[in-house]
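Got chain P sorted already, so can you dock chain Y onto it with the hints?
Sequence lines, in order, name chains P and Y.
Per this note's numbering, the first sequence starts with residue 1, numbered consecutively.
Per this note's numbering, the second sequence starts with residue 1, numbered consecutively.
To be clear, the hints were calculated from the coordinates, so they are not data collected in a lab.
Since no wrong hints were added, every one of them can be taken at face value.
Residues from chain P that face chain Y, not an exhaustive set, calculated with beta carbons under 7 angstroms:
1. V26
2. V87
3. Q94
4. R107
5. L108
Computed from a predicted model, the values in this text were never measured in an experiment.
Ideal Cβ positions, reconstructed from N, Cα and C, are used throughout, including at glycine.
In case you want the letters, here they are:
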Amino acid sequence: MLARRVGWLIAVVGVMAVLTAGWPLVSRAVSANQPSAAGQVLTIGPGGSDSAQFDPGPGWVINSAISDPLQAWRLARGPVNVTVLYVTLLNPSQAGRLWSGLGNILRLGDPSARLGRPVALAGAPAGAGQTGPVTENGHAGQVAVLPDAAADFAVEVVSAAPAGDSAAARATTALVVRSLRFPARAA
Amino acid sequence: MTAAFPPAPAPVPAAAPTRTGRDIRAVQVTAVILCLLGTALLALEFYPYLVVFPRATALAVALQLPLLLVGFWLLRRARPIRSPSRAWSAAAVTWGATAATACALLANQGLTSLLGKTAGVVFASTWSAALSAPLNEELLKVAGVVLIALAAPRAIRGPVDGMVYGALTGLGFQVVENVTYSLNNIPLSGATDPAAAVTISAIIRVALTGLASHWAMSAVAGTGVGYLAARGPRRGAVPAAVCLAGAMAMHFVFDAPRPPITLKVLVDFAVVLVVYLCLRHGYRARAQAVLAARVAAGSVPAIEAPDLLTRGRRRRRLRRARAGAERADVNARQQADIEDIEREAADQPRGCA
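Here chain P stands alone, though its shape is the one from the complex (with noise of 0.2 angstroms):
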């Protein structure tokens, strides 16, 4: 029998605070910026022909905390953040709902996310793709969604940075989007 019951009631929340809260503890002492090196490509997504690659140019501080080659990466130079991720499409049918699903996406982490009416993009990797200015609390920047050929998945490009220098996010939108490879197009 575990007679001493309020020892072991102590180990056990002991333990659970611990786990709890030592990780993040521990964590947060470590830095997560990782500078990328010069021309460094980035791929997202799975690998092979289900993945895309692209190159975000000098100067960008990767936060690997919270960075997923498989699904997203996050990026930060300055006063503009980027985040590119990369969806699965369920049925190629959807890549038209891809603005609208985005737009909910951004909502999930800020309501007062909102994206503006879309355009199409110039110069997209298949000419499918739409852009598009995005605003979330007091920041301001321009998002992309670019499904690849076969629309079964996309990748998708959501630059910010404070109101007086959404130009620079914008121009990392753009910049980002015409560094991305679809490697299965290339074939």
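Relative to chain P, chain Y alone:
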């Protein structure tokens, strides 16, 4: 009492039961507070989904209800001789669904981000689930089984009880985790069809991986708590540690990038099945032996013995008794006899248990 149990306690002052009661109350209150905190944290975390995708969120919850209900019935039914207390079974599920899940959410985020910062994002993407979940989640789930053993000493007397309560704790965790995975699948699929994203995730996690997910791992970890409860810290520590390590190993296999998921599920299911069959065989054999000894001693009538150790036969015996006082008397006798038999059969070195 047998050698498997600690020696009978020496006479204690009258104040001792009060202190025990106070300690049990402290365990219960702490567990309730932790469950409430866990519920609040989960609500905070997933409230945005309820706002942005209300129908899909309701669907994600609804799709897990059959698993919860069927799992609850099956796992309680898996205990030999009689099912565990309904209230403590519900407490185990609640712990897994609230306190354990919420704490695991924070712990896993912390360890995953630490791995990303120190070992690189590619390594973290491949291995963070396999390295963080077995450690964090198995400890947090089994904590609930320990709390039940502390709060209700009669509920967990041996490894069979620990296994059943562990499985129920894992079931609660599994159900809520399935809901969170379903919700997370909405943005992962571009939020283009939230209902389909939720449904696909639920089907995979119930029909495919559900066969040997958290319920199976926690069943093995909980078995260790049963050994600890039956044998005390000195004799129970080693089997408890082996069971916990086994559960962590099962979880590691489950979350590792290879082999294919179907093979991983089969391996984990085979492990929990073998452990269960061994424990069940040993437990039933011990119960039969105890019953035979009681019949020989005349404390259980020979005519009632064949009906005692299975649910169906006990029910049939009750139906044969005349409704009213006779049936109530038979029922009371059955319960008292089973209580005595189970106390003695909880854990002895016989069979493969």
